[in-house]
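Student: Full structure from sequences and hints, please.
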Amino acid sequence: MSETVGGEDVRKEMRVFIEDNFLYLDPDADLADDQDLLAAGIVDSLGFVEIVEEVQARYAINVQDVEITEENFGSVDAIARYVERKRAEP
Amino acid sequence: MCGIAGIVRPDPGDPVDEQALLRMARSIRHRGPDGFGLLIDPGAGLVSTRLSIVDLEHGWQPLVDDRSGSVLVYNGEVYNHPELRAWMRTRGVEFRTRSDTEVVHALLELEGPEGLGRLNGQFALAWWQPRARRLTLVRDRFGVRPLHWSWRDDGALVFGSEAKALFASGEVSAAIDMAGIDQAFTLWAPQSPQTAFAGVEQLEPGGLLVWERGEIVERRRWWRAGPEQPGADAELEPTLRDSVAMRLRADVPVGAYLSGGLDSSLISALAQVEKEGELRTFSVAFDDPAYDERAEQELVASALGTSHHVVVAGAAEIGDAFPEVIRHAEVPLVRTAPVPLYLLAREVNEHDLKVVVTGEGADELFWGYDLFKEVAIRDMHRDDPDRAMELLDRLYPHLGASSRRGPGWTRFLLEIDDDDPLASHLTRVRSTESVRAFYRDEVRAELSVDAALEPVRDELPSGFAGWDPLERAAWLEVTTLLEPYLLAAQGDRVAMAHGVEGRYPFLDHRVYACSVGLGGEEKLNDDEDKIALRRLADELLPPSIVGRRKQPYRAPEVTPFFSASSPAWVEEMLSTSSLESVGLWDHRRVEGLLRRCREGRATGVREGMALIGILSTQLWHEAFIATSGPDPAETAAPAVRIDRTVDQTLSEVP
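Order-wise, the sequence lines are chains A and B. First residue of the first sequence? That's 35 in this note's numbering, and the numbers climb one at a time after it. First residue of the second sequence? That's 52 in this note's numbering, and the numbers climb one at a time after it.
Simulated from the structure, these hints should not be mistaken for laboratory data. Every value quoted in this text rests on a predicted model; they were computed, and no experiment measured them. Each residue gets a CB set at the ideal place from its N, CA and C atoms; glycine is no exception. Incorrect hints may have been included.
Covered by chain A, according to a simulated footprint, are these stretches of chain B (three or more residues, beta-carbon under 8 Å) [said to hold, decoys possible]:
| hint | segment |
| --- | --- |
| 1 | 480-492 |
| 2 | 651-657 |
| 3 | 687-693 |
Label-pair restraints from in silico Cβ distances [claimed, not checked]:
| hint | chain 1 | residue 1 | chain 2 | residue 2 | range |
| --- | --- | --- | --- | --- | --- |
| 4 | B | VAL361 | A | GLY41 | 30 to 40 Å |
| 5 | A | GLY41 | B | GLU623 | 38 to 48 Å |
| 6 | A | LYS46 | B | GLU623 | 35 to 45 Å |
Sample of chain A residues with no beta-carbon within 12 Å of chain B, all distances over it, derived [claimed, not checked]:
| hint | residue |
| --- | --- |
| 7 | ARG45 |
| 8 | ALA94 |
| 9 | GLU118 |
| 10 | ARG119 |
Tutor: Written as structure tokens, this is what we have:
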């Protein structure tokens, strides 16, 4: 885990996580940071929750149920924005 | 309960090899370990392996009718045989034995297939009429007992309880049928008549096939599930009690499976009331508390005062038995759930018991599965979304609260096209079809979910789209899961592997008629399911069991194959070279899955199904496709050997 996680680091780490854990089904595919993970079928409902749990564990963030939305977890970009926002909270 | 098999040829001058019949008998001897019989006719041969349950001394097969010369081989039980016998006596029919086989044979002689509706039971039979050179194959209403057949290029028909009997004949080769495999990865199992083997069909539930002189001259259903059933206004309680009482009829002791849920507990309670003497009950327990129902099982056993036996299915036992289960199931699986039931049947056999009653069928007839609640919740969501979301949150509790969070979950359950007649089952299709993502690209290009579902759509009853959505769901559940999977891989196959006969009181056609006659409010209301059964159970079972929410029967999927005690063959079966030699799976995709399994990350339903699907396909291929040569021939002496090519007299070997 990085101690000074900026948006780009989160992007990179989550991209690797998603590639390792979900994109093995499509080894030749490129994952775009703005790609809609659910709509593109890259993750299913359980995969979505797995990403949430990974974010919680990796960045020590307490994710509330109401925050589990596509706006916050629907793409690599969305996750990076969410993590930055949460880390900026007092 | 037995196994049956045979070969009939168009030309009576074309003999059937006795060695082929002996190999066929050998291949299904587990279904009938008490002995076997065979009959050789000009251009025909039939075998039967016997599990003696009724009229132990007599009742051997094949059974010959002295007057017509017709022959019956029959696998199963007809429970109302005493009543039918009494009725046929009034029609001048005489009987030599007490066996139900003779009653079925006499009924066929008296009324032909038109009389099948009189039978209350579970059976598969082959009726050979040599003068007409006609073979009639029949399967019971719900398809409790299996029956496979293959129509050869030369017009011959080869049949058997299990497909392996056909391969043992030496006349049918085992070859992969991707349409059947793909249905397993869409709906959990090939849908009859489809099987996983090219050129091999399974007779449909309630199906009848007539072969005559090399041609199939008739093929139809003599019974169909659906809302129009005679006797639908009968009262449930006396009908179910009578069904249980009938299913206790046997000349050997009858035990019961006890899962700890409402259905098997209710059947055990009714059996205890009807039965003389102590009831023996048998349960599967798990090391993993997520699957274990031991506390509830013990509570029921204690309340009923049964002699209770428990088999603990650990990961190691499940892994070790998995290849044998695939060999018996004859189809790739997406679940390990049949394995503990295989271990349970072995335990029953070791206790010298041959017959058990179970609660199978209640969830389909009385809307006990969460799948039915999904349908109701989607309907409710239009008018009362808040209440619907509250109920949605209670579905599938075994997945754990954390797995049921987020937009993917609600979208998965709610975004279904309700105008699709298969709407109720599309969530299952969508989760199961994820196994198909592991196919090689070339394999995937040849297949589609639409093609796998097309035979189901083709078989929908007329007016189906106008039925109540829950009635549609119940029909689909009986048709697409009960017979193809629950009664097969998880029922007949794993029980008969150890010569154990399962009997299903809920699958008495009279109980089914009652269930379709009941209003929906007697089955499912808001969050409460199987309402009529719970009312019936109120006076018979502890309150905690009567009110118990259904715990889906599941077994561990990843740990049996990825832990310290995992069998050595797992890595070999999933190696790149093995995967490439079978040719179905993309090894890079499978490697990704295996990595997640090894890291303990593959905890979801879909990855569990994918692992089991891939592993079972590899084992299935090794057991049937990659093996060379048929089984060895039966070497024991037959109890009955009838050779009518030599003379027309019946000779019984002592």
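Student: Hints numbered earlier in the text: which of these fail when held up against the supplied structure?
Tutor: 3, 4
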